[in-house]
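Take the given structure of chain V and dock chain E to it, following the hints.
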Amino acid sequence: MGLDLDLTAPDLTLAWPQLIVFVMTVVLLFADAFVPKAQHFATLTGISLVGYIGAAFALVTQSGQNAATFDGAFRADGLTVFLSLIILVAAVATVVISASYLQNGEQQLGSDGRLRIANSVPAGEFYVLIGFSVFGAMLVAAAGNLIVLYIGIELSALATYVLTAFAKRRLTSVEGAMKYFLLGLFASAILLYGMTWIYGVTGSMDLDRIAAHLAGTDAGDGFTDPALLLGLLLLVVGIGFKMAAVPFHFWTPDAYDGAPTPVTAFMSVVPKAAAFAAAIRLFVQALEPLSDQWTTLWAVLALVTMVFGNVVAIAQRNVKRMLAYSSIAHTGYIMVGLAAYTSGGTIDDPSISSLLFYILAYTFMNIGAFAVITYLQQRGVGMMLEDFNGLASTRPLIAVAMTLFMASLMGVPPLLGFYAKYYVIVAAIDADLLWLAVTIVVASAVSAFFYLRIVAVMYFNQPDGRPLALPTRLLSGGIGVLAVATLLLGLFSSPIIDLADQWSGALTVLGRTAGQ
Amino acid sequence: MLDVGLDHFLFLSAILFIIGMMGVLIRRNLIVIFMCVELMTNAVNLSLVAFAWNLNSIDGQAFALFIIAVAAAEAVVGLAIIIALSRRAHTINVDEVRTLRN
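So the protein lines, in turn, are chains V and E.
Under the working numbering, the very last position in the first sequence is 516; numbers go up by exactly one each time.
Under the working numbering, the very last position in the second sequence is 102; numbers go up by exactly one each time.
Since the hints were derived computationally from the structure, they do not count as laboratory data.
This structure is a prediction, so every number in the text was calculated from the model and none was measured.
Even glycine gets a Cβ: it sits at the ideal position worked out from N, Cα and C.
Only true hints are included.
One side only, chain V facing chain E, incomplete, derived with CB under 7 Å:
1. Leu-158
2. Ala-165
3. Leu-171
4. Ala-177
5. Met-178
6. Phe-186
7. Leu-192
8. Tyr-193
9. Thr-196
10. Tyr-199
11. Met-205
In silico negatives: residues of chain E with every beta carbon more than 10 Å from chain V:
12. Leu-2
13. Asp-3
14. Val-4
15. Gly-5
16. His-8
17. Phe-11
18. Leu-12
19. Ile-15
20. Ile-19
21. Ile-26
22. Asp-95
Same shape as in the complex, but just chain V (with noise of 0.2 Å):
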């Protein structure tokens, strides 16, 4: 046995973003335990944002490096530090829109007509686990090989299974952890099954090494190798599964229906980022040399994805239900920037940087939208399309807030939403994928109908009387900042775009020199 075991102390410098939320964390475990009741919730609110906000001060401090660490298991690289940033973003938006939240419960509506406490939440848990799920994404994010890969989106999930399930009260609520937690643990058997394949056809472990691997074989057979071929397909089904691409979506309509709604607004978008970190850190920088076949495999998801999510949202009378298919959908439209890589990867590949933008356009909006849902059910449990009745005449700010959310969504012009479809467009027509161009703007136009059909019952409908519990500042706050961010955001993209592009930029080019 010739193990080479180079010890050579990690440079923990590298990663200190990621342990600064694990510490804060363990800080939140603790504080939960012994701070006194009148303090508690403003002192576990207040150490997760500055926790989060340091973490992302650091990252920020980390940005243009291209290092790696743990002999090359935790990489700092751009890629790194710009889905780090967008995780942050989620986790700072979740804490302040869960306030409310986590200070009334959740409200029913009894028979009498009064508002009353149905579930009440404890919120050192809550910040505790949205800590946890928040570190394991970042892991994901700078993962240089397969076993940090997986911990990772393992701990990333666990950590949401259960939260889905914290309204343990109400049997939806634990109905969807039941469905998401059984088909998440399918999804990650496949995935496992893919990584070893990958593993035993290349002998390594570490990203690079097996595109290097890879790079090197003789194009002839070490393309066509079936084994190889095997673990690839289990990969994209495995990380299909986590990223909700139809037709791996089951779970996604009824975990995010029974889930609290702050909980959807954060699962449907730091797992799913995670669940994207993956899949560039798996395909574009440890699988480039076989991209013709997974591009292949991704555009045709992309295309049912796209079409499945707008037309079954359309049906939808409850609006979280609808939204869920609406995260399909635009999962879809964020797999084309997947699809849309080209292989060899040359620097004005605009592929991965679409695709990094059009998640940060997504965390915005779609957190957004889940925030006024969040604001809307303090009238009661039970988000159905009548409660959103006269909104404009009762709350005409939530009201403006909600039509941009639903604008951006479904791709407005001056609008944040927009700008990121656009250059997914455009990546896919570079790519000469124009089918799949032309599929993203008819499903926009299809989704159109759902988007509008709330800005419309909110101005055109009367309100219904029913009461409406007071929200915190923080909740109305954070969803001004999210729609102005929608607003504004969009007419700066072409900085972030570049940044992006730098980032993802530098990661093909390593794979590239990786492979010679």
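Here is chain E on its own, set in the frame of chain V:
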């Protein structure tokens, strides 16, 4: 004497994986589905260790240890969710729990 090689391990693990997969798709009892997923995970462990043995590398064995640890954590979360569900719905049959269908 039959020489046991990599292929035997891979076949065994593939068979275990498929049995587990069929179990997840066919069985309706939550506990049994959960056991079948564990079977799939252990099939993966077997092939990982076999590959590691064949490649003379330690990575696969280390990965298998990590997977076992993660599976333990999954059991904790999974059984907790199943208990919470059986308290609410008084059943652990997947087909009988479908309040969320529209």
